[in-house]
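Chains A and B, in that order, are what the protein sequence lines are.
Under our numbering, think of the first position of the first sequence as 1, with each following residue one higher.
Under our numbering, think of the first position of the second sequence as 267, with each following residue one higher.
Zero decoy hints are in this set.
Here are the simulated EDC-like cross-link-like pairs (lysine to aspartate or glutamate), alpha carbons at most 16 Å apart as the crow flies:
1) B:386 / A:203
2) B:637 / B:540
3) B:625 / B:609
4) B:617 / A:194
5) B:473 / B:450
6) B:637 / B:480
7) B:648 / A:194
8) B:559 / B:578
9) B:625 / A:194
10) B:637 / B:450
Derived by calculation from the structure, the hints in this document are not laboratory data.
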Amino acid sequence: MNWTNFPFFAATAALLWILGMILLNFPGKRKAFEIAGNVLIAAGLAVLVCFLTLLWINLDRPPLRTLGETRLWYAVFLPLVGIITFLRWGYKWFVTYALLLAILFLSINYLHPETYEKTLMPALQSVWFVPHVIVYIFSYALLAASSLVAVKGLYELYFKELDVNTLHLADNLVYIGFSFLTLGLLFGALWAKEAWGHYWTWDPKETWAFLTWLAYLIYMHFRTFQPKRTKAPLWTLSLAFVVLLICWFGINYLPSAQNSVHVYAQ
Amino acid sequence: MKSENAEKKVTRAAWGYPESFFVAFEILILGFIIEIFLKGQGVKTPHFPNNLWPVIVLTILMVYVHVRYRQGFLIKWLSSIPCSVSAISVYALLVLLIGFIPQQETHSGWLHVTGLNHLKNSWPFLIMQFYLLISLGLVVLRRGIPFKIRNLGFLLNHFGLWITLVAAGMGSGDLKRVTLGLYEGRDFSRDGVMADQSSVEMPFGAKLLDFRIDLYNPKIAVADRSKGELLQKHGETLPLISKGFETRLIDWDIRVKDYIPFAVKTDSGYTPSDRPGSMAAAFVETRNIVSGKTVSGWVASGSVMFEPSYLDLDESRLLILTEPEPRKYESAVVLKDMHGNTDTVMLEVNKPCRFNGWKLYQTGYDTQMGKFSTLSVIEAVKDPWLPFVYAGILMLLGGAIYLFWLGRGMRTQ
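Let's have the full structure, built from the sequences with the hints guiding it.
Written out as structure tokens, the structure is:
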């Protein structure tokens with residue numbers, strides 16, 4: 001089992017998700033369709049989890065090192081966030097968004113496979129590796145989702161009427177996403193102390209991770225103070241995602257980041 | 267009653283976001299003015315006890331103004347959200363500059379004079395952080411006294427952040443990071459090198475007993491002769507080889523007949539060797555799946571002393587063996603302090619050891635010599651403020667879990 005088998009698994013998962021989306025969004029309120037849709041989406045997710053597990057076993061190391069590998073995790077976590085959000089708050093459109101984004105990640109991986117290597121450098125061989133990265137990926141998936149909600153909110157704000165529930169959904173996602181973001185950042189600091197001797201060195205990735213954290217912090221404070229004001233927090237949330245994206249992969253292209261210890265994928 | 271309400275309204279309406287951002291930017295500009303006035307020499311981080319006094323004075327001052335003037339306009343505003351948001355935003359702006367401008371000291375030029383290439387040690391950064399800490403500290407006091415259990419999550423997050431920022435910032439002056447280059451076969455050494463390349467004598471001696479390195483097997487790949495790059499099929503993994511290994515790369519079936527992890531070249535091929543400079547070598551048989559043509563011979567990864575050797579597959583393609591990557595490396599080190607107490611430790615990446623208040627890390631070796639390196643680079647770190655930083659981090663961890671648990675529940679005020 002390796003990346004040469006990926007197209008099969010990805011196509012199966014995507015097909016199940018598309019069918020699930022169609023059933024879920026079928027006009028009219030039919031409970032049976034809704035349940036069948038969710039089952040299909042969960043089945044697609046299971047297929048992908050299978051691939052991820054087998055890949056992990058085959059590589060003999062956690063598949064968390066390259067961008068392609070992390071994209072795979074997003075494709076797993078986004079539908080999961082979608083399903084949980086649906087079960088908790090019942091937003092159908094949100095499941096659709098999450099699935100489309102997951103399919104996008106799968107497509108990118110299909111079109112741009114990288115060099116997948118089995119080796120793992122000593123600095124990454126640590127008990128912190130898996131929690132640090134998984135917590136971050138989960139948090140990014142939630143925050144990405146919250147930014148989609150923010151864009152929807154902005155659209156409503158300028159072209160329709162802002163639905164108060166849109167902002168509430170964004171809040172919920174940000175609060176959970178931010179708590180995971182904090183865990184990821186702190187796990188990173190504790191790991192850095194073990195691996196490199198200091199918990200904070202202003203490495204470019206650290207700087208941008210901190211900046212991402214501050215951006216969402218600003219959003220949360222905005223929302224607490226004047227919950228009735230909507231424009232500024234919505235824009236903040238959209239921009240915060242830009243910072244997150246720079247932190248996630250834009251960093252590979254920044255002149256200030258050429259010596260970063262986080263640039264692993266060649 | 268009526269007048270009290272009116273007063274509340276006035277105070278609340280008086281300073282919102284515009285005024286707060288105005289103040290925050292004024293403070294930022296003030297910082298830059300000081301930095302430029304001092305010709306960009308930045309802030310020298312104070313050492314103990316000079317870094318302790320500001321913390322104590324700041325804390326006492328904050329508690330005093332909180333107790334004395336907590337209803338006053340200024341203190342109310344300083345612990346308000348507009349003030350926090352503006353302080354975080356302008357602070358984030360400075361972090362953004364750190365994120366874009368390479369932070370390398372040049373000692374001249376406008377980037378140096380304005381402090382932009384050493385922002386984390388500059389006046390604007392220091393003053394902004396100070397401002398942020400005052401606001402955050404007053405917020406903690408307002409919510410924390412008297413303590414209510416429903417404010418626990420809030421306090422874990424805010425007070426945790428305050429402690430972390432103070433301890434990390436002030437403690438940086440007392441942080442010692444010393445690099446020790448130890449060689450096998452040499453006696454105890456106390457020579458260390460600080461981050462600024464200055465020499466320092468350590469309070470203990472260290473002696474390297476043994477340096478060991480474990481390597482992954484090398485990878486095998488087909489390369490383009492003229493472009494000099496590896497050829498790979500859609501998403502294929504470069505395989506690690508071993509004796510008897512078989513695979514298909516691009517258009518060739520490959521079989522590894524013999525594999526020697528450490529070999530030297532002889533007239534008849536390669537033989538195992540322990541000599542420095544020996545390299546990975548493999549005898550491979552290849553068969554082109556299109557033409558059926560077979561080629562066999564030795565490939566070797568090369569080392570600091572010897573050239574690699576390739577196998578010609580056809581006019582434009584070569585079979586190559588990559589240099590093995592390190593799987594793990596470790597050092598057995600004996601440490602001896604001034605009283606003659608000794609300890610033997612095994613250092614490995616991600617597995618540091620303690621000795622007399624120092625933490626020792628395996629950081630490097632002579633990568634050119636690889637397995638035959640007799641040099642092991644060790645880092646010794648001492649950070650007396652670390653327990654406070656960890657206390658802050660622990661609180662933040664608790665706060666994060668609280669945030670997750672309650673979600674938006676905690677902001678129903």
